[in-house]
Structure formats: structure tokens, C-alpha cells
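Starting from the structure of chain D, add chain E where the hints point.
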Amino acid sequence: MRDQPGTDPLPPWALEGRSAALAAFDRCDDGSDVARLTGEAEPATEVLRSAEDGADGVAVAVLRFEHEDLTMDLQVHSEGRLRALSGLATGECEHAVLHVRRPGSSDRLRVGEDGRFTLSGLARGPISLSLRRMGHPTVVTDWFTI
Amino acid sequence: MDRHLPVVNAVARSYHLSPPDREDAVQTVWLTLNQHLPRLRSPEMLRSWLRRVTRDVCGRQRRQSARLQPVDPRSLPRDDSLRAPGPESAYLHKEEHDELRRAIRRLTDPGERRAALFYLDGAADEPFDPDGPRSADGQVNPRTAANQRRRMLRRLRRLLEEPT
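Sequence order for the protein chains is D and E. Each residue of the first sequence is one higher than the one before, counting from 1 in the working numbering. Each residue of the second sequence is one higher than the one before, counting from 1 in the working numbering.
One chain only, chain D, in its complex shape:
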């Protein structure tokens, strides 16, 4: 923001994160439908049996995204300094491919026939999932932070 004559200069923190903010603008998924966050619950405090040594496996968030017939339930787990996601996509999800969107990168994985998927070893930060299904437009979830 430019300083106006006669106004107080902005504090140094006011423009923090400008380059990260600029990097966020990308028009690749403009044609996709958006699955909105419709549910958020406090997960029960539990330690995953699959938690490896040094990982605490505590569930930190339970989120639900919905768009028309598609529902995606996600559980975010802590794996020490990293995060893991387990999810269930319900709706028509045969041969669906999931793209994991992170700022500046994207990974893909196939959703199981029962609609389940898991992601582990995720660095903390913003994330969004994009689901591509046969005969349906791509659906992207709202961005959320893990």
C-alpha cells in the first residue's frame, strides 16, 4: 500500500507475506466447482495405532466439504512435525483421481474403490484437494491449513 501524504506510514508487519500472497494467484482451477467447508468438529483425543515412533498421531481436525452429490470427510492427524490426512469421498467416485494442491506444487493419488484415501508426511501449511471424476467437472475443496 502506498503511503499517502499526510498519513502515518504503515508498520513493517503490515505488508508481511506479500510475495506469498502474490504466489497464491493462479487461474488454473477457475473452471472447477468448489466443495465448501460445511462441517467442522472437534475430534476425540486419540492416538493412532499406526503412529510411528516419535509421532503422536493426535487428530487435530475433522472437516467436511460438500458439493452437490459429493461429500469429502477429512481427518487431519499430527505426525510429529508433519501432518497426515485420512479421507472418505462419498458420491460417484469410481476411478476418481485426487490432486493434492499445495502452494506451488501438486501431487496426485488414486482414490480407493470404497472412496477412502490417505496422505501422510505432509508439511504443515495450506492445502486443498481437487477431485477429478469421470463424467463430472473437477471439484476443488476450499483451502484449509494443516
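Since the hints were derived computationally from the structure, they do not count as laboratory data. A virtual CB, placed ideally from N, CA and C, is assigned to each residue, including glycine. Each hint can be trusted.
If we take Cβ atoms under 10 Å as the criterion, some of the chain E residues that face chain D in the derived model are:
no.: 1; residue: Val26
no.: 2; residue: Val29
no.: 3; residue: Pro38
no.: 4; residue: Val57
Computed footprint of chain E on chain D, listed as stretches where at least three residues anywhere in the stretch have a Cβ under 8 Å from a Cβ of chain E:
no.: 5; segment: 11–23
no.: 6; segment: 29–36
no.: 7; segment: 120–127
Frame of chain D; chain E shown alone:
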């Protein structure tokens, strides 16, 4: 974006998140704006929209961080739900209760049956006075009641020890 960056940063700072958490939250706000840009119809509402989204994202971030914050267990309020019996001990307790109930059903004296059921469940199918027999003037004879209880327990113990 330059016009609104100070507002987003100011709202995010008010949540007192750690610097990395705050940076993640602020970036999530801009990523959300990017995603919703084609659908935003009223540019004059953008400032309030950004404030709302920033509050939502930072609030969620703070809740998640709070779940992983180490705390002194002694500072936690006593949670009685943690002391509740687990499923295994609850199952064993039910088994024990059922076995006792089966033994009570085998008692021959109806009065003893009612008394035993009263002690087991806190209420019997039929009204029962747990203080035992009373004399004509309505006073409880404690010795009689204690003797009856002792006999009843002896018979019950025998029934429980019998092979089924």
C-alpha cells in the same frame, strides 16, 4: 492485494498465533481469495469478506494449535469421564452381574429372591423393604435382618460355586 494486505495481517496478528501459523493462515486467506475471485460479484464487499475469511482461518488455526499445546497435567481440571471403566471392564462387570442374577433366580425363598434383587439392582420387581422384617410395632429388628442377609449370602455363594 496491496490495499488489503495490512487489514488481513492486522486481523491475523490479533489472534496471537505463532509466526509460522500466522503466515500459513494469511497465505490460506489469499489462496481462498484466488479460488473465489471468479465468483466475487461486489468488489466493495471485498474488505469485509477478507476480514471474515481471515477470522475463520485464524480461528481454526488457533483451535488446531491448542490441541497440540503441551500442558502440565496437574493444571488440567479433573475429568471424571477419563476414570470411567473401559469396555473390557464394563463387559466383565456385566457378565458378573448376569451370573449373580441367574443365581438369585435359583433361590427357593421368594422373600430372599426379592431381597437379593434389591441389593443387586437397587430396586426389585416387587416392593421390598431393605431393612428387613419389622416387628408388630413397625420397628426393625437389626439382628434378624442381619441373620437373614447372612443366610441368603451363604446360599447364594453355594449356588455360584455349583458347577453349571
